[in-house]
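Participant: Residues per chain are reported as follows:
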Amino acid sequence: MTIRARRERRPGLPVFGALIRPTVRALPRGPLLAGAVTGLLVAALPRVLPDLGTPETGAVLLRVSALAMALGLAFLLDDPSRVMTETTPAGRPLRVHLRAALLAPLAALAWSGALLLIPRDARPPLADVTLEAVTLTATALALAAATVRTSAEPEPGRAAAVGLLALVVAGMLLPDRWGLFVAPGSPQWAAAHGRWAAVLAAAVIVWAVSVPEPLRRGGPRTGGIRASAGC
Amino acid sequence: MSTTVTPPAVEVTRPPAAKDRPWAAVLALARFEARELLLHVPVFVFLLLYLGYSVYSLVAAERDGMADYPVLQDADRAPQSAPQLVALAVLLCVNHAVLRSRRHGTERHFGVLPVRPWRRTLAHVLSVVPFAAVVAVVVTAEFAWAALKPGAVGHGSVAELAVAPLTVLLAGVVGVLLARLIHSAFAAPLFVVGLYVLLVVISVASDGTSPHWLTWLSPVVPETGGAPLPSALLGRPAAWHALYLAGLTVTLLGAALLVSGRRTRPVAVVTAVALAATAAGVAGQSPGDSRQLTEARTVASVSPEKDQSCALRAGVRYCAFPEWTGRTADWAAVVERVERLAGGHHDRLTVRQRVEARYGLTGDAALVPLAGPGQITVGTEWGGNRVPEFAVGVASVLVAGSEKEASGICDARAVTVMWLALAAQPDPMSAFAHVRLDDGTEGPGAVLAPTEPLAMSAEQTRMVRELLHRPSEDVTSAVRAGWTELTSPETSLTRVAHLLGVRAPEKEENRDDPCAA
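Chains as they are written, first to last, in my numbering: chain A, 1 to 231; chain B, 1 to 517.
Chain A extracted, bound-state conformation (with noise of 0.2 Å):
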């Protein structure tokens, strides 16, 4: 009965138009911005103290760049109102997906500031560190939406910043056979690509899985917020 329920209600193009308003107001703008900024004033560092302008430290700049903007990102999930919401026709998948299809835009446009503002000389392969900033997002995207699905936790973006930093950190702890954060020119660079190219499909998986919402109360939600990604 639930179930046919649940697939009867396929939201048209009118509901999508209704609920373009209320998402831009009910998104997450402090967190947002200021992963944006953060990244964007990273990325302009070498443009203030010219020694950062080496392709290592260009590397070691985009990467934190799209970090902070992959924290700020984590937080795309965010909804105070999730026990209300969650009961509404439009599912969530909609829901998040029009958050990000919002969002979308402007982490590209955030994302090639960050690429413009890099020294022309400090930049690493554009498209290897462009998926390097996706993969981060993704992840982030990924565990604040696995912390939703498991947890009662209607906030889900501090557990997932602070997951996603974590992994960052474990990520740069291992060692060079399996190293994701290799120096431009390394030999490494192209298998660390690859290793990048496979942290992302996990990610799209996770993302995947946990985005349509249980179709039962029940299992870990009872659980409280305790099984959430990161804190």
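These are calculated hints, taken from the structure and not from any lab test.
In this text the structure is predicted, and so the values were computed from the model without any measurement.
All residues carry an ideal CB built from backbone N, CA and C; glycine is no exception.
Wrong hints could be hidden among the right ones.
To be verified - These stretches of chain B come out as covered by chain A in the derived footprint (C-beta under 8 Å, 3 or more residues):
hint : stretch
1    : 40 to 49
2    : 80 to 92
3    : 179 to 189
4    : 195 to 201
Using the hints provided, position chain B relative to the given structure of chain A.
Facilitator: This is chain B only, laid out in the frame that chain A set:
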């Protein structure tokens, strides 16, 4: 008619009494928060990771062999870097814990409790103490493990050991203060990212020669890379740095209490004193290497005999820096084994310990060969690979007369040198692989020695390998009998092969060949 009698209201609040124990609530809260902190995923995982890494590095070092001869002024700062993981997790999760009541909307309920907000702040800071204590125990255990080795030399410093637990405490206090200042969930992760950028900027802007004061503002300054130096030449302001960290921790704690509403004179005074201590620490650690230190380092590098004391053992003089005099017996054992194989054809030998201190703790500069006859260099490290390397140094001086002469060995003498050095080792073949730069026992290659490496050609390598497979007594007697010819640069490789009784090379090699390789 009846009168309504209102009974007096039961007193629900009473003025504080002497038997109240306000600190009991703080301690109970701290205990609870510490347990909650441990159950946070990042803290738990990183603490486990840290403990696992500490055990792993201990076991890995044991296998290497150099762990049996630790230098304590280096061993005390070796365990400083890893606890930063714990510090990072503690910073993030303490911040999370302080903001918990705000997130769950229970701040109002806490507002009516007798436990004031500043006491809750203090309890959160105290909840970090057990983690700092765990780190302190691990660091102390690692140092004690090294210090209790019979081969340990040098002096550790308490200030260096205190850095790791102080870093964890400082991180906890920063997390609490951040939560009290900025109620946003985004503050702590952003702070960590900003701090990382700052450290990158410091380390890059510096390019290794960063301003001394800027480097030392970072909580942990590992300064590794070079060979160990005598503790007088370290030039690390360890005590000032520990004072800086402790002062900063207390200053930020005071600031957190002030922000939480405890604006009393004692807190203000303690904060001011701590601030002064921080400033004193910064002032103390900021000046770069003093002139005396630079001079002392130059003296130790150029004319070490001024700092050293010498001891005579079995006709050989061993000169070592005061902290290393206990290692004379280990060096003597190697020298005597090599001499016994060579049959006592030598002049008076002097084993001199040397360091290159002029480039500081991070500079890994090679030592220049000594020109004096019979002078042998030994470094400050010992154990593992350093033993066969020293044996190569001894053997080459016995064969060539001096290190300066030995550094130019491009002829058949290399075979004799290598056989003398390796036959004196318990496991010659594995020692052979280890002293070779390419870790192989075939083909041409360079052999590590305390000063200049020794070049070997493919044929010489083959001959050494064959010699090591023959009974040691036969080769020893052949070496003793043919000593004059074996130590002459004019002798050809074919003649050496004949003298030592191994298969001769099919064609005489070009004299310059090994050196060119």
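Participant: Are the hints correct? Go through all of them and say.
Facilitator: Hint check:
1. With a cut-off of 8 Å between beta carbons, the stretch 40 to 49 of chain B has 7 residues touching chain A; three or more are needed, and the interface restraint holds.
2. Coverage of the stretch 80 to 92 of chain B by chain A holds in this model, with 4 residues showing a Cβ closer than 8 Å to a Cβ of that chain against a need of three.
3. Three residues within the 8 Å Cβ limit are the bar, and the stretch 179 to 189 of chain B against chain A gives 5, so the coverage statement holds.
4. Counting residues of the stretch 195 to 201 of chain B whose CB lies closer than 8 Å to any CB of chain A gives 4, so the stated coverage by that chain holds, three being the minimum.
In terms of the numbered hints stated before, the structure departs from none.
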